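Engineer: Sequence:
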Amino acid sequence: MPDDHVPNPLLLQWVKEWLDQATERSTKGVTTYKNAYNSLKVCPLTFHHPSELKKLKGFGDKLCERLTDKMNKHCQQNGLPIPKRSRNNARSLDEALALEEINPPLRPKRQRKPKPYVPKLRSGPYALLLALGDMDEDGRSGLSKSEVIEAAQPHCDASFTVPPSANGHYTAWNSMAKLLEKELVVERGRPIRRYLLTDEGWDVAKNLKAVVEGRQASVSESRRSESVKMSPPRKAQPRNANQTKPSGLKFDGFVEFVGGGDSDSDIVEVDARDFDKRTARPTSPKQPSFAQMGERDNAKQDTRSLNYIDDIVPNKFTLSKPTESRKDGGVSPIRIPPGAFTFHLVLDSREVRAKRDRDYMQNELEKKGISPITRPLPLGDFTWVAKLNKPNLLRMNGDEGNEVVLDWIVERKRLDDLISSIKDSRFREQKFRLGRSGIKNVVYLVEEMNIDSEVWHKNEEAVQTALASTQVVDGFFVKKTQTTDDTIRYIARMTDMLRKNYETQPLYVIPGNSITPQSFLPTITGLREKEPSKGFYISYNSFESLGSKSDNLTLRDVYLKMLMCTRGVTGEKALEIQAKWKTPREFVEAFEKCGSGEVGRKRKRELIYGEMSHMVGKRKMGRALSGQIAEVWADGV
298 MPDDHVPNPL LLQWVKEWLD QATERSTKGV TTYKNAYNSL KVCPLTFHHP
348 SELKKLKGFG DKLCERLTDK MNKHCQQNGL PIPKRSRNNA RSLDEALALE
398 EINPPLRPKR QRKPKPYVPK LRSGPYALLL ALGDMDEDGR SGLSKSEVIE
448 AAQPHCDASF TVPPSANGHY TAWNSMAKLL EKELVVERGR PIRRYLLTDE
498 GWDVAKNLKA VVEGRQASVS ESRRSESVKM SPPRKAQPRN ANQTKPSGLK
548 FDGFVEFVGG GDSDSDIVEV DARDFDKRTA RPTSPKQPSF AQMGERDNAK
598 QDTRSLNYID DIVPNKFTLS KPTESRKDGG VSPIRIPPGA FTFHLVLDSR
648 EVRAKRDRDY MQNELEKKGI SPITRPLPLG DFTWVAKLNK PNLLRMNGDE
698 GNEVVLDWIV ERKRLDDLIS SIKDSRFREQ KFRLGRSGIK NVVYLVEEMN
748 IDSEVWHKNE EAVQTALAST QVVDGFFVKK TQTTDDTIRY IARMTDMLRK
798 NYETQPLYVI PGNSITPQSF LPTITGLREK EPSKGFYISY NSFESLGSKS
848 DNLTLRDVYL KMLMCTRGVT GEKALEIQAK WKTPREFVEA FEKCGSGEVG
898 RKRKRELIYG EMSHMVGKRK MGRALSGQIA EVWADGV
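Using our numbering, the first residue of the sequence shown is number 298, and each one after it goes up by one.
In case anyone wonders, no lab produced these hints; they're calculated from the structure.
Take the hints with a grain of salt, since some may be wrong.
Calculated lysine-lysine pairs in the DSS-like style (CA-CA distance at most 27 Å, straight line) [claimed, not checked]:
(1) LYS381 - LYS412
(2) LYS354 - LYS412
(3) LYS412 - LYS352
(4) LYS352 - LYS338
(5) LYS664 - LYS720
(6) LYS352 - LYS367
(7) LYS687 - LYS506
(8) LYS506 - LYS720
(9) LYS879 - LYS899
(10) LYS831 - LYS858
(11) LYS506 - LYS417
(12) LYS879 - LYS915
Between beta-carbon pairs, the in silico distance windows are [claimed, not checked]:
(13) ASN686 - SER766: 41 to 51 Å
(14) LYS665 - THR867: 56 to 66 Å
(15) ASP433 - ALA759: 56 to 66 Å
(16) PRO635 - TYR414: 43 to 53 Å
(17) GLU869 - THR639: 24 to 34 Å
(18) ARG672 - ALA474: 38 to 48 Å
(19) THR762 - ARG864: 34 to 44 Å
(20) LYS687 - THR801: 43 to 53 Å
Because the structure is a prediction, the values reported are computed rather than measured.
The beta-carbon is built from N, C-alpha and C at its ideal position, and this holds for glycine as well.
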């Protein structure tokens with residue numbers, strides 16, 4: 298249709314001019330003008346004012362205003378009356394139908410219904426759901442990982458324990474994460490995880506079982522009344538100028554220095570006779586008095602340290618409840634005789650020499666005849682385990698895995714990392730977790746390195762105090778080395794001496810289903826007091842769960858961590874606040890009772906100061922810190 302035969306030729310002409318200009322300049326408005334031009338060209342209606350064009354595709358407020366200005370100028374130049382905006386926006390039925398033909402209404406998109414989850418036949422999720430679906434639906438005990446794998450493997454083509462390739466890491470068990478994410482399975486219990494189906498999981502499992510039963514019934518009528526049986530599994534497919542060594546790095550007898558020599562006097566003394574009596578402790582030939590102070594059993598540490606964080610909310614899903622009988626040895630440890638295990642060093646995989654030389658420690662230890670097991674450790678940087686010759690021995694006695702954590706652990710700190718950990722309170726948290734691990738012999742190894750002399754002089758006193766406290770108060774043995782190579786030599790010689798002693802001793806393992814995070818320390822302490830001649834240990838699975846930073850957090854743990862997020866709130870101050878207001882809710886309600894307005898605002902800022910201004914030493918709270926805490930915990934401050 299020619300432009301002069303359309304109902305709105307003038308408006309169409311102006312839009313065409315702007316479209317041509319936009320096309321020449323390659324501006325972003327080309328699409329807008331093109332849509333407006335096409336819709337106006339095919340529209341059979343006559344518009345009396347540009348504002349009426351908003352009903353067409355491509356016309357917005359801005360374009361209509363521009364056409365209005367153009368129309369006004371055109372009328373003034375040609376002496377024509379300026380058209381008025383239409384007050385009545387109602388259109389006739391014919392006009393409405395015409396507009397509907399030009400701009401057909403968009404149909405609303407249908408919302409897709411979520412499809413029910415259907416796992417692939419003989420896949421990992423398929424097998425896991427069938428295995429958990431064989432349980433009693435009303436039962437709440439659940440199955441452990443090993444029990445689930447044993448029940449699921451016949452239903453799956455892939456292996457739940459062996460990766461499909463030598464370089465692979467994933468097995469069919471990794472499918473459990475998908476089921477947890479879809480909330481078909483729930484995970485409960487510590488230190489041994491138990492798995493249960495949710496209501497949605499039971500629905501899927503029942504559907505799968507119905508399908509399986511139908512397939513089997515079609516194969517043989519004789520199996521119609523039999524329980525579901527799957528075919529046996531198929532094999533799975535296979536230094537700078539401004540950096541100096543601080544000359545003033547003296548620890549006043551608290552630290553034993555390890556140089557480059559190979560003499561056994563450099564390492565922790567382990568006497569076989571003491572080992573027989575289960576009283577082996579790290580000793581220092583240079584300072585026997587301090588070494589004896591550091592030889593205290595970590596389970597008998599200062600009461601304030603052990604009770605730094607106790608449990609307020611009991612674990613709802615633990616396998617067994619702590620009882621008083623456990624304190625005096627009410628559990629039945631598993632005896633592992635000599636010769637039934639092999640001795641191994643475990644190296645934290647995150648323990649590196651440098652970012653570009655991550656495997657240095659492992660390679661150097663292998664050169665010395667020690668092949669460490671490398672994995673992320675939940676606690677410490679070096680520890681030693683006994684690997685059982687019978688992999689199912691622990692599982693048959695209520696535990697998991699086939700490794701037992703022995704009574705030695707080493708926490709390695711470079712000097713720069715030690716300084717930063719003291720500043721951000723990681724130092725105290727790590728010592729606290731080491732103390733609660735139940736491991737009797739904790740070695741705190743400080744590795745000297747080149748740091749800026751000015752940085753050292755600023756932090757020298759803090760480092761001296763921290764290391765003295767570590768040995769005297771916490772009961773850890775503090776060791777100092779000069780280089781990473783010295784540390785490796787120390788660990789290698791220590792490994793050889795510990796192997797000689799442990800391989801001739803029986804191990805007594807506390808079953809994982811007999812302990813909880815609340816009962817563990819009283820249980821192992823009671824057993825050691827009752828039978829000091831025996832060595833009591835836990836499995837690596839239990840150690841991993843009990844040593845986790847997040848798995849064992851109680852309400853009080855989280856509360857104290859929240860308080861210490863405010864700059865200036867130390868552990869002592871956080872404990873005092875928690876002693877006054879037991880829970881976060883109680884703390885917030887105390888601020889709410891202060892009221893609102895300017896008076897309430899002032900009361901909130903001075904609430905903590907008023908309650909704790911009488912404290913002395915590190916527990917005393919000032920007005921400024923009280924105000925900072927109120928800004929975080931109270932409204933309208």
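Engineer: Decide, hint by hint, whether the structure agrees.
Structural biologist: For each hint, the structure was consulted:
| no. | hint | in the structure |
| --- | --- | --- |
| 1 | LYS381 - LYS412 | violated (56 Å) |
| 2 | LYS354 - LYS412 | violated (37 Å) |
| 3 | LYS412 - LYS352 | violated (40 Å) |
| 4 | LYS352 - LYS338 | holds (14 Å) |
| 5 | LYS664 - LYS720 | violated (37 Å) |
| 6 | LYS352 - LYS367 | holds (19 Å) |
| 7 | LYS687 - LYS506 | violated (35 Å) |
| 8 | LYS506 - LYS720 | violated (58 Å) |
| 9 | LYS879 - LYS899 | holds (23 Å) |
| 10 | LYS831 - LYS858 | violated (37 Å) |
| 11 | LYS506 - LYS417 | holds (13 Å) |
| 12 | LYS879 - LYS915 | holds (20 Å) |
| 13 | ASN686 - SER766: 41 to 51 Å | holds (42 Å) |
| 14 | LYS665 - THR867: 56 to 66 Å | violated (43 Å) |
| 15 | ASP433 - ALA759: 56 to 66 Å | holds (58 Å) |
| 16 | PRO635 - TYR414: 43 to 53 Å | holds (51 Å) |
| 17 | GLU869 - THR639: 24 to 34 Å | violated (45 Å) |
| 18 | ARG672 - ALA474: 38 to 48 Å | violated (19 Å) |
| 19 | THR762 - ARG864: 34 to 44 Å | violated (21 Å) |
| 20 | LYS687 - THR801: 43 to 53 Å | violated (19 Å) |
In this structure, the hints that do not hold are numbers 1, 2, 3, 5, 7, 8, 10, 14, 17, 18, 19 and 20, in rising order.
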